[in-house]
Amino acid sequence: MSDVNKGMFGAAGTGDTSGYGGLVRVSSSPGSSERPYGSYFDEVADELERAFPDFNGAIEKVIVDRGELTLHVKRERLFDVAKTLRDKDSLRFEVCLGVSGVHYPEDKGRELHAVYPLLSMTHNRRIRLEVSAPDSDPHIPSLVEVWAGNNWHERETFDMFGIIFDGHPALTRILMPDDWPGHPQRKDYPLGGIPVEYIGATTPAPDERRSYR
Amino acid sequence: MSTFASSRETTEGRIYSVTGGDWDDVSRDIGTAKEERVVVNMGPQHPSTHGVLRLMLELEGETITELRCGIGYLHTGIEKNTEYRTWTQGVTFVTRMDYLSPIFNETAYCLAVEKLLGITNDLPERATVIRIMMMELNRISSHMVALGTGALELGAMAPMFFAFRERERVLDIFEMASGLRMNMAYVRPGGVAQDLPEDAITKIRELVRDLRKNFKDNETLLVGNSIWIKRTKDVGYLDLAGCITLGVTGPVLRATGMPWDLRKTQPYCGYENYNFDVITADTCDVYGRFLIRMQELEQSLRIIEQCCDKLETLNGAPVMVADKKIAWPAQLSLGGDGLGNSLEHIRQIMGTSMESLIHHFKIVTEGFRVPAGQVYTPVESPRGELGAHIVSDGGTRPYRMHFRTPSFSNLQATSAMCEGSLIADVVAAVASIDPVMGDVDR
Amino acid sequence: MYGDAADWNGTSVGIEEKLPSGFLLTTVEKLAAYMRRNSLWPATFGLACCAIEMMAIGSAQKYDISRFGMEVFRASPRQADLMIVAGRVSQKMAPVVRQIYDQMSEPKWVLSMGACASSGGMFNNYAIVQGVDHIIPVDIYLPGCPPRPEMLMDAILKLHEQIKDEKLGVNRKKVIAEVEKAALAATPTHQIPAFGASE
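In order, the protein sequence lines correspond to chains A, F and G.
Just so we're aligned, residue 29 is where the first sequence starts under the working numbering, counting upward by one.
Just so we're aligned, residue 532 is where the second sequence starts under the working numbering, counting upward by one.
Just so we're aligned, residue 1135 is where the third sequence starts under the working numbering, counting upward by one.
Be aware that one or more of the hints could be misleading.
Claimed, not checked - With a straight-line cut-off of 27 Å between C-alpha atoms, the simulated DSS-like cross-links for lysine-lysine are:
1) F:K744 - G:K1196
2) G:K1298 - G:K1308
3) A:K116 - F:K795
4) G:K1196 - F:K747
5) A:K89 - A:K111
6) G:K1308 - G:K1164
7) F:K734 - G:K1301
8) A:K136 - A:K215
9) G:K1315 - G:K1301
10) F:K747 - F:K764
11) F:K841 - F:K795
12) G:K1315 - G:K1298
What the hints assert, rightly or not - Taking beta-carbon pairs under 7 Å as the criterion, some of the chain A residues facing chain G (in silico):
13) M149
14) P205
15) P212
16) L219
17) G220
18) G221
19) E225
20) I227
21) G228
22) A229
23) A233
24) P234
Unchecked claim - Chain G regions said to be covered by chain A (calculated; three or more residues, Cβ under 8 Å):
25) 1250-1263
26) 1318-1326
By construction, these hints were calculated from the structure, which means they are not laboratory data.
Yeah, the Cβ is synthetic: ideal placement off N, Cα and C, and Gly gets one too.
With the hints as extra help, turn the sequences into a complete structure.
What follows is the structure, encoded as structure tokens:
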């Protein structure tokens, strides 16, 4: 994922004539990693390949960054990969630490990501699964049958991002009121604050303020 | 019809909302109803729901056939709010999630930011030791609230007073170190906000000695107390398989016999250099969790003593990372008008060093830049595994921050623990999970 | 405070309808105020971090509020006089706050404790009601994040002062009308000329 940041002062359309508005900064996320991955990641990748013959068809890329392993999985194969990771003795990732949604609106076709951190208590290891779905078809298979604890986490990700988890027993809003429109943590949803009132002036809400970026 | 217990017809049958008033009215109404199933709604405003938790109980007599939790009554949108604040300002937001153990939230967040920055090994040792000491003090104060409110909900009032009395002593230490009793925003990316005052170690050692003595008050009251045991033994049963599949961690998991404590299994902040035991129980019930919390207090005291010893040898060492582009310019001092930048520091940035002035300006207004990537760092909070999943896009603000909070996952287990038991046991079970609603809803 | 006086289900209860007027009324007012303020029973409405400081003021030995007769935190709003909204009020919780407030019987007071209850605090976003006074009338605001127990005590004592001067009956209606007229004519805060600025 590559990100282009323009301008210095956050809110656009201000009367800023300092010239910092023309600043362009490009940053990119770490890309796919090459073997050897280091520490126990090679073992995990090998075991998964052994247990899952269609490794390359299911896993889109493997990223090793900052001492953590991320497996990008295709959403159609997510359930099988998850079940293998949980059941195979050499992998045994018994605990799933929830689902975290991330919204990348610039990543056309793969805007919504769901991240599953996994923990293996038997082998004392941690990895991460990442799945992506486009905005136009925000469906990801539910992993409640693999790890029951994902029930509420998937509801929260649905509530906040609009990702629909197919196969979830009761996918409803959990944090916002039941009839709330929109999905708050998406990037196209405003922060929703109100202007702050002081004696003699008001300051705009945090997402509309000029600030040094 | 009485105005206290209002009821309405739904597709599922008649639902009664009990919001205070006489149970006689409710049972009179129910007595005339044709169906056997009764759904009772406890909360969100209810004295024994540990905050704004809504419990929907389907009852058959006094036994619960189905239990559902309604959460979200404290959803604050902290995660989205931090996307509009610098990395250092994120600490003040994150600290208010689990408001009973703010230092743990801050540490999980700062460890994640430091991992993204790549400065985990550059942290000064004094900062790490102070972090551990603050965390363990916070563990004590959090367990005190858990014990106090748990006992209060089951009808015992004295433990609450004893627990809050000890908690006040610990909060005095927090106030001495950081200026605030709660929600301190003390741990910052790169170290801690400011160093401890000179007499801090003496005061902390005194506190440890007094706490050891005073913990016995609660111990003699509750441990072995037959009434307490009758209310907590074999209540809220959740075995190892249930815990693992539900992702439950913390004292609830350790009550099943599993010695899983991140401080020992995946140590962070140098926990591997400290001597302490992981407390387990093997009864999987509320009594076991209560015993674990009581004994973890003693282990925390041990760690704090070792921290004090270490801090005495590290007198005068820095508490912030050396890289001036990241270090919060926090040479703070207590002046006549409160806590502010020390005059030394102001003299330096205004008179001596242009570079320091630039660093100060850039860090306070823009914030430092964190290279792109994502990390997940867990810490062992008093409730279980608290993990910070932070995604950076290379800028001065987090791109996405998600906290895997222990109370959120642990609270899912209430249905498994309570279905089939009596209403009174729900209160005990929820108290033993020790959920903090700020943690659950963020 | 000066909301609808004792009008519950169409019948008035309490001393309101048995009031004399004039000199005798002031004596009754003083007596009623003395009774009401010296044992205000708070309703448990702890939401977030401020609730812990509220529990500290109730249970910790240093900040004992039993000396004001307030250690009985009534769970049932029917039996409570003072609602201390302690903590951030989220959108989902707002109807519940209103319902609890409506269930409290007159006389009732509201103390909004903490920055989040008074104005939304640091959470200026979609999820938090920007001040509980959007939903219920507040008598006294207490800033702080969270306010120390001593600050809460100070706010309670100031509320006692307010209650001391509360009027009843005819006088009360007069005060309500005056306050409303003043509020309608007041300049909004952001239009008040800033300190030191000339017109």
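For each hint, the structure was consulted:
no. : hint              : verdict
1   : F:K744 - G:K1196  : holds, 19 Å
2   : G:K1298 - G:K1308 : holds, 17 Å
3   : A:K116 - F:K795   : holds, 25 Å
4   : G:K1196 - F:K747  : holds, 21 Å
5   : A:K89 - A:K111    : holds, 19 Å
6   : G:K1308 - G:K1164 : holds, 17 Å
7   : F:K734 - G:K1301  : violated, 51 Å
8   : A:K136 - A:K215   : holds, 14 Å
9   : G:K1315 - G:K1301 : holds, 17 Å
10  : F:K747 - F:K764   : holds, 21 Å
11  : F:K841 - F:K795   : holds, 19 Å
12  : G:K1315 - G:K1298 : holds, 23 Å
13  : M149              : violated, 33 Å
14  : P205              : holds, 5 Å
15  : P212              : holds, 6 Å
16  : L219              : holds, 5 Å
17  : G220              : holds, 3 Å
18  : G221              : holds, 4 Å
19  : E225              : holds, 5 Å
20  : I227              : holds, 5 Å
21  : G228              : holds, 3 Å
22  : A229              : holds, 6 Å
23  : A233              : holds, 6 Å
24  : P234              : holds, 6 Å
25  : 1250-1263         : holds (count 5)
26  : 1318-1326         : holds (count 5)
When the structure is compared with the earlier hints, violations turn up for hints 7 and 13 and for no others.
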